[in-house]
Structure formats: C-alpha cells, structure tokens
Amino acid sequence: MDILTNLMNGFSVALQPYYLFLILVGGILGTVIGMLPGLGPATGVAILLPMTFSMGPTASLITMMGVYIGAMFGGSRSSILINTPGDGAALAATFDGYPMAMKGKAESALAISAIASLIGGTIAAVLMTLMAEPVAGLAVKFGPAEYFLLMVAALSMTVSMSKGNMLKGFLSMCIGLAISTVGIDGQSGLQRFTFGVLELQTGIDFLVVIIGIYALGEVFKSFRTLSEGGKKAQTKFKRIWISKEEWKRSKWPILRSAPVGFIIGALPGAGGTMASLMCYNNEKQLSKNKEEFGHGAIEGLAAPESANNAASIGAMIPMLSLGVPGSGTTAVMMGALLMLGIQPGPLLFAQHPDTAWGLIASMFVANVILAIVNIPLAGVLVRLLAIPPKVLYPIVLSLAFVGCYAISASVVDFYILIILGVAGVIMGRLDIPTSPMILAAIVGGQMEQSFRQGYRISNQDLSVFMNSGIAKGLLVVILLSILLPIISAIRAKAAKRKVAA
Amino acid sequence: MIKLKQLLTSAVIATTTLLSVNSAMAADYPPHTINMVAPSGAGGGWDLTIRTVGKVLKDTGLVDANMPVVNRPGGGGAVNLAYMQTQKGKGDLISVYSPPILLTNLTGLTQYSYKDTTPIARLITDYAAFVVPENSKYKTIKEVMDALKKDPKSVKIGGTSAAGSMDHIQFLLVAKAAGVENLRNIDYISFQNGSLIAQALGGHVDLISTGLGDVAGLVESGKLHALAQTADKRIGSGLIAEIPTVKEEGINVTFENWRGLFGPKDMPEEAVAYWRDALQKMVETTEWKEALKRNGWDNAYQNDQDFTTFLGKTNEQYKGLIKEVFGR
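Just so you know, the sequences run in chain order E and V.
All letters in the first sequence, in the order written, are residues 1 to 501 by the numbering used here.
All letters in the second sequence, in the order written, are residues 1001 to 1328 by the numbering used here.
Source of the hints: derived by calculation from the structure; they are not laboratory data.
One or more of the hints may lead you astray.
Stated by the list, open to error - Pairs of lysine to any residue, SDA-like flavour, derived with a Cα cap of 25 Å: (1) V:Lys1223 - E:Leu138; (2) V:Lys1137 - V:Asn1252; (3) V:Lys1153 - E:Leu190; (4) V:Lys1223 - E:Pro353; (5) V:Lys1223 - E:Gln343.
Fair warning: this is a prediction, and the values are worked out from it, not measured in the lab.
Pulled out of the complex, with its shape left as it was, chain E reads as follows (with noise of 0.2 Å):
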C-alpha cells in the first residue's frame, strides 16, 4: 500500500505540465540522438549535463529520463530502416526489423518496435516499483563465476544457432574474440595487441564493430550493384500500423521478454544488449517459424524491442537502490545527481522521495508520451526508404564516421571501421553469419575478464564455476542452447529420410 501511495506522490509530480514539457522535449532530443549511429542514451545524457545545472534535481532528472528513453525507442529506427543500429541495444533490431523493411514492410517494423517499446517498457516499470529490492538483492549475488556463465551462455545460443553451419559460426565468434582482446588487460595491467598505438589501450569499441559491419559492410555490398539499380526506392506508404495477425504473434514475445531484459539489465555491465540479444535468441528457439527468423519475422523485432526497454529501466536499479551505477547512462546520470547534491543509493528514497518516485513515475509517463511521438514520427521516418541509395548510401557513410568519431574521438577508430566494413562484405560473401562475431565482441572482453577473477578470488579452483545456484542454472541454460539445436537437427533428418522413404 505504501508503494501504491507512493507512486501516487510520484505521478502528481511527473505530471505536472512543466515536468510533462521536459519528458516530451528530452524524448525527441533522445530519439533523434538514439537514431544516429554511435550516439547513444550515455550520450544524449552527458549532452545535457549543463544544463542539468540550472535545473532542480527532479527535473533534470525527469529530463534525463526522457532522454534515455527516448534513445531506447530512437536506436531501432536506423537499424530497421538502413540496417545500422543506433546502438548496441539496437543490434538486435537489425537482424528482422532491416530484412521486414526490404520487403516492404517497414510500416509495421517501426509500429511494432514502438508497441514492443512501450509494452516492454511498462511492464519494467511496474517491476521496477515492486520488486526495485529483491532485484537489486540478485544482482549483487551475480560474482564474477555467474558473470562468466551468463556470456558463456549468451555466446553459444548465439553460434549454435548460426544456421547450417556451425563452424562459420565458431569461426566468426573467434574473430569477435580477437577483437575483444586488444588493449590494457586489467587483471595483469599489461598491453595486448595496441602495437605501441595509444588510442587501442582503450580496446576497440563494439560499437565500431556494429557500425564497420552493418554500416560500412552495407555500403560497400551495394558497390557493386549501385549504377545497375540493384534495389528499388520505396515510393508508397502505408499507415504505421500492425495487423491482427502480427499482433497475435508479437503479443507473447514481447510479454517474456520484458521480465527477462529487466533483469539482465539490472545486472551492472550486462546491460540492453546483452538483454535484447538472449531474448532474441529464445524467441527464435521457440517460434514455429524457425525458418523465418533473419528474414523479416516480426516477433524476431518485437522481443528484441521489448527487452531492450525493459533492460534500461533494470539497468536504474543498482543506481537508485545500490548507489552502484549498471551502465554508462546510470553512470553519467550519477554524476549529475552528485553534482545536484543529491547521493544516490539506499538512502535517496527516505532523503529525497519527491526526486526518487517523480523518477519512476516518469518511467511510466516517458514510455507513454513516446509511444505517442514515436507513431506519427515514424511516418516521416519511413519515408527515408523513398530515398534513392545513391543518395542515402553517402549520408549513411558519413553518419558511420561521424558515429564512430563520436565513441572515442579518435582517428585511428576510422580505420578500424575500414577494415571492418571490407570484412562484412568479405564475410558476406563467404556466408559466414556476422552476428557471433559482434556479440563476441561486445561479450568477450567481460567473458575473459569474469573467467580470470573468478579463477583467481578461488585460488584456482574451477569448481567456482557450478558451485551457486545461479551458476548451476546458467551451466544448464549453456548446455540446453547447445543441445536443443543438435537434436532439432537430427530430428529434422530423421523426418526427411522419412519423407524420402
């Protein structure tokens, strides 16, 4: 009951019409900012830091909230209408969202996106203000044993499910790993493949890789078939819509993914992608339509959408409850309240309830207020398709290299993307799936690290590994992903030599 008056408190703040005002203005401000490719919600965030300092803590806050959210639902826009994520959360909204685009249903991908946004989003919110506590009580029971689990099983639903070929898949996750070794090691302190360049003791950012790839890898793919007029220019557009049959089959993906990409969220480090990209993959173990995923399935985008949004709310619980930031945005929003005065953690919402419940309250409100401003906008978006690719392939590149620029103002990142854009063709070319690749990317850094700390704080004792009961959870999780696909193989066989029979 107290949560419920609470939150009451918490509502007759956020709607106010001035804090009503913030959330509209700093959600456009973030969905413009979430589109483009390498400017992400930390960024959006830490744009408005100076202006945070004229504000009260509540509204700076609301603001930020809305700026935040809004780049949730901005960062699927580009990944659906010109295959390049805004950022990593958006990744996943590449892989159905772009191939439903091409075929012409680019209306219903943005709808959905934006229904899947808002729904996933709610739902987080409403957990997020019942169970803020036990969840932040689970968090912390993640050591770095469940840490290295959670990749290791991130990364094998990813690779056994690279179709038809597992070992391109294992071979593109290797390259991810690569990648994702460069620069200071923190357990030992030492360099690893910079070759004396200062700018990768940083490492190399997963979001050049997805921008090299999918960007840069899409640009240079249309090379070839540019003058010959490969593809078409979309010239007719229907209402940003969904039908009935599209939404019966988006409703329950976005239902599960929601809770799920809460949680991953709320883990500090693990964050939107990492979310977004196990709910992908468990929706495509589960569909019917196998087959249809990675060519335009729209439950394929809906989960992704769903869990993404969930995971940015999760991912304020170790802030507001632990005074631990989970993720650069939390972080960047942090050093605002400090800034503000205010000292987040356990402590905020007996010293500063106003400022805490008009946070959550704005949850709601923001998740609302987009979903509004998302629909009709999308309808101008979409008309991006009805731009020639001679036209919009050289605005994709220079957004590409202005995103880049934007993660680590560094020069040396440009050439990395170069390599990178030539692999995805090469890799195109070869049929080697890309997605293990980029999610060995972004998970291998912490897959390694994990591994190193928990062997280490055991005195090398690999039992750390299956002792916790989340950890021997995980190990069965890992050990399904791998399985499920080999014996739906067989099955398979068996079924046609039957037919064949």
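Fit chain V to the given chain E structure using the hints.
Chain V only, in chain E's frame:
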C-alpha cells in the same frame, strides 16, 4: 607582499615574453577561448572536476574567456597527454589529471610523464578507502595486513583500475608501510565494468580499494564497512568521520588521490601567472568551497611551484613501489 612580488616577477617575465616570443598572444591573454580538457569520457571524476572548475571560474567572473569542456578520452589519459605534446608553448589548453599521469608513465603505458606538461595547480584531493562487506571477518585494516603477512593469497583485493594503476598501487603502498612482504603475491582483481561495488556488496571479493568519495553513500547506509582511509586526518562528518586513518592504525603512510590542472609543456609564463592568480582567488570563493562540500572533496591547493615539487617527490615514491611489484 609575496603575491605582489610574484605578480611583478611574472609581469616582468611576461613583458619579456611579449617582446620576444608572441606579442599578439601575450597581449591578449586570456584568449577568447580556453579549452578545458577532461582526458576521459563524460561522467567520471576528471570530467566532474574540470566542469566544476570551469563553472566556478565563470560564475565568479574570475575568468571571462569561453571555457568549453572537451572530452579527449583514451589510454587512461595517455591519448590527451600525447595530444598535448603537439600543443607545446600554447596557453589555451588546460587539462585535469590525477595520480594516473604518473602511474601510466611508470608502468610503461606511455612514454610521456608529468615532465612533458606544465603543472599549474593542485586543487583537490580524495583519499583511498579500504572497504569490506558489512559481515566481513575483518574489523580493522591491521587484521587485513596480518592476514596478508601470514598468507598473501588469503585476502582478495578488488579495484576498478587495471593492475598497476591507482586502486592497486594505493593498497600496496599501505601494505608495504605495514610491513607486508611479497607484495607481488597479493591477488588484485580488477573490475572495469562498473560492477566493483556490487561485487563487494555480494561478498565476492574480501576488500575493495577505492576512493572515499565513491563509497561515502554506501558507508553511510551501513551496507559497506570502511576499515580505513588514507588521509592524515579524519575526514567529513557523521559516519565518514568515524573511519580511522591508516596512520591511527599504526601504519605510517598517506595516499592522496589529488586532482590538479596542467597546461602544455613550455606554456608561456604569462599564461601560467594568469592561472596562478585566478586559481588562487578561486579556491577562496564561497562558490568553490560549496562545490568542495557538495562533492566531498578536500581542498588541497598548491600553486605551480609547490605542485611541481610534490609531483617530483610522489613520482619517486611510486617508482620504487612499481619496481618492487612489477620489476619494471
């Protein structure tokens, strides 16, 4: 009087510079725009410091140039340090640094050191805090050190920075002063994904070596227990003031996580004098004092000469330790 003398000296030197080197620039100092550089991304300690300095200088009218904050991250500050080498002799770039400017050089991650900059002022300091979960068996830092003396593998130390950087070194400095041998064998575990404090809350590491400012809130809420901090006196108020110093525990050492401002090497003397004057005034303003209080920073002002001496001394101290632990 001394101030006046310094001012006069710098005025004389400035005039000489004005005549000999670059009359246009010297006459115009401060220039229209001075870039305030955080050698990291937005949101960290360096970023917060330089933004606060810029804001206070602007609000108090002490500096009327534009002072945009530029984030130049990479290599733990080394990328910006390398960039500063291309700006030698210029006066329109001010960057913030802290002990890593010494450590990255000593561990061989960059060839440049503080000697390739112009130290302008030390401003603030935070201190190291050694923190354990609330149900830890260690009640004092002395007990931790005794355990390490018996078996260097018995206490696992967590930190945010990479091995050989600040969180690691600050602990080893204290361990060394406490008489722990075999510093090399102490297991330090680096958590760079932002999960360090959660790891401590979950009891996955035995002790975390971090900044006092980073854990103040959690210590106040009782979820973490701070065994000791490394200032030479008690700090703050309330529960924070109850944290003993390592000196009180009989370990004779202090560690300061200072933050200071640096210009490019060979910065014109006139620019140095300008900043000396402006910053000396800034640290006396109520705006600055409020900012210190708000962020839990301790005033540690030193002017350029004192700061340079301090850097030389500290560098030697770290050099010895790193040689002992890493053999490089």
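Now for the hints, and whether the structure bears them out:
Only pairs whose Cα atoms come within 25 Å are accepted, and Lys1223 of chain V paired with Leu138 of chain E is accepted, the gap being roughly 15 Å. Proposed proximity of Lys1137 of chain V and Asn1252 of chain V is supported: the alpha carbons are some 24 Å apart, at most 25 Å. Using a Cα cut-off of 25 Å, the hinted pair Lys1153 of chain V and Leu190 of chain E holds, with the two alpha carbons roughly 21 Å apart. Taking the CA atoms of Lys1223 of chain V and Pro353 of chain E, the gap is near 20 Å; set against the 25 Å cutoff, the hint holds.
Taking the CA atoms of Lys1223 of chain V and Gln343 of chain E, the gap is near 15 Å; set against the 25 Å cutoff, the hint holds.
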